[in-house]
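Same order as they appear, the protein sequences are chains A and B.
Going by the numbering used here, the first sequence opens with residue 1, and the numbers climb by one from there.
Going by the numbering used here, the second sequence opens with residue 306, and the numbers climb by one from there.
Derived from the structure by calculation, the hints contain no laboratory data.
Remember, it's a predicted structure, so these values are computed and weren't measured experimentally.
Possibly wrong hints are sitting among the right ones.
The calculated lysine to aspartate or glutamate pairs, modelled on EDC-like cross-linking and capped at a C-alpha distance of 16 Å, are [unchecked claim]: (1) B:Lys-452 <-> B:Glu-463; (2) A:Lys-89 <-> B:Glu-408; (3) A:Lys-152 <-> A:Asp-95; (4) B:Lys-457 <-> B:Asp-398; (5) B:Lys-334 <-> B:Glu-587; (6) B:Lys-394 <-> A:Glu-103.
Protein chains: 2
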Amino acid sequence: MERAGSSTSRPVMLAIAGDSAAGKTTLTKGLVDALGADRITSLCVDDYHCYDRQERKGLPFTALHPDCNYVQIMEQHLQLLATGQPVLKPVYDHDTGQLTRPELVEPTEFVIVEGLLPLHTRLAQACFDITVYLDPPEHIRREWKVKRDTTKRGYTPEQVLAELDKREPESEEFIRPQRSAADIVVRFGPIEARQDPPDTPLSAELTLRPTVRHPDLTGVFRESDRRAMHLKLKRDEDGRPVEGLHVHGYVPREESRLLEKAIWAELDTESELPSTLGHIGEDTRSEPLAITQLLLLYHMLDSVR
Amino acid sequence: MERAGSSTSRPVMLAIAGDSAAGKTTLTKGLVDALGADRITSLCVDDYHCYDRQERKGLPFTALHPDCNYVQIMEQHLQLLATGQPVLKPVYDHDTGQLTRPELVEPTEFVIVEGLLPLHTRLAQACFDITVYLDPPEHIRREWKVKRDTTKRGYTPEQVLAELDKREPESEEFIRPQRSAADIVVRFGPIEARQDPPDTPLSAELTLRPTVRHPDLTGVFRESDRRAMHLKLKRDEDGRPVEGLHVHGYVPREESRLLEKAIWAELDTESELPSTLGHIGEDTRSEPLAITQLLLLYHMLDSVR
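Just chain A, with the same shape it has in the complex (with noise of 0.2 Å):
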């Protein structure tokens, strides 16, 4: 399979799907920083509604709903970029909710495709090499989201909290039957079976679907039991089998460390393990963070190879 060196070669595509303020952007930004941006390209395909903010108003749906997206086009353009080829996306505004120009999109090596519905159809499906599903627990999404909606969209509580109630049949619907197809679940949260105060750093619970080959990390595991992290096999929400890999927030960094070099190990490569990995905002470092993206960064890398 050709890969990137020519213009037609086939990027790496990734899919990060998840609820608005699951927190595909933070998850993103880490691993385009990692690569260079000349080295990969992030789109988001929630550009692809059809109705603007006014528009949507007079509507019985929301922008969760398929009828709202130009779903066929997306399609044709993620297939387009798994070929190698440009595409004219269309553009949606969030800051006014308005629709305007499209720009140009021409796929590099590595290609992110984040958004609501990038995984809602099985030909979407087909043109990634790896799927990934953001699964917080509800109550942390919404304080996420109303966290950024009113300090950077500029709403009240209250209208995002009412906007998440109304959003709550469609994100059933159509944007949570995502996570079936994903290669890996990520679910940050809290440690279900603690009670740790509120200012714990949150925890990842990832979950690793055997239909791509994940880096062995029984080594790690197979030392000594690690306080922080755990490694088990298990039966996801549906049956099917599974690897449960947990990272919890409180990790010391010699424990997680030795995590991030097992995987780095793994890919054979000769450069040094990036240091943008993990970063929230300006200024907070989260290890369950950096190691979720660690591993997609894994995958990314694996697939040139």
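Chain A is fixed; fit chain B onto it per the hints.
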């Protein structure tokens, strides 16, 4: 070859290329009116400009230059349309000079693609069943452009003439070479050998290349010497053999009707000869325009058979 009927069937694709104000819209309108908007889709590839009017002011070329257009995306969209697939087409607003939200174009039974550069590349040319180039004498086109741009686009005559001069090198380099890729070259203008008064209706000089099968019109021209219509075998500018069909502006209705009937009879159809052809604006009917449109209609309907 599968044609219209199912949603993925191939439409008949007609290109109408020509310089600014060469008469593309007038020619297209009669065809759309004749077939009806449910059977025919028309689009303008000038929408594929990649810079808006403001941005172009700082650039060393005009809107006619291929570098000022997303030619690769235009080719991609033409290929998609030609294979029966929808596209999300960019939109250039001629009134404001801005690029705005794109619009969904779903091919129907027939697709007309008009504009400055629809035949610029071999790949674009290959997407069409019939190709037309509009080639009025330059003094006629300048007259038309001044009239349109001063009445409809708010320019002064001096501005339009200055713009025409600025564009001339790019017209020569990029627009006029498309003439040689056309199955039919259409030249509306006064008869050069005559000194008719200025209000004499324009004649049509159609150059019919043997690249498509034209209707057999020898019967119409055999019977007697027509006064105001001629069909001649000749050599084109480049020496290649072509037919020249000449319809004078003052052709009597009964004479042009003979030609219309002969073209229509070749289609072997039971439907009526459309009455919407030949209209210029609201009140004027041009026999040469009607014949030209009928010939294009013939080719479109013939492609479906």
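Cross-check of the supplied hints:
1. Between the alpha carbons of Lys-452 (chain B) and Glu-463 (chain B) the distance comes to roughly 12 Å, so the proposed pair stays at or under 16 Å and holds.
2. For a cut-off of 16 Å, the pair hint linking Lys-89 (chain A) to Glu-408 (chain B) stands: about 12 Å separates their Cα positions.
3. Proximity of Lys-152 (chain A) to Asp-95 (chain A) is assessed by CA-CA distance (about 9 Å); at most 16 Å being required, the pair is judged to hold.
4. Taking the CA atoms of Lys-457 (chain B) and Asp-398 (chain B), the gap is about 13 Å. The hint holds against a cut of 16 Å.
5. At most 16 Å may separate the alpha-carbon atoms for a hinted pair to count; Lys-334 (chain B) and Glu-587 (chain B) meet this at roughly 12 Å.
6. Distance check on the hinted pair: Lys-394 (chain B) and Glu-103 (chain A) sit about 12 Å apart at the alpha-carbon level, within 16 Å; holds.
Comparing the model with each earlier hint shows no violations; every hint is respected.
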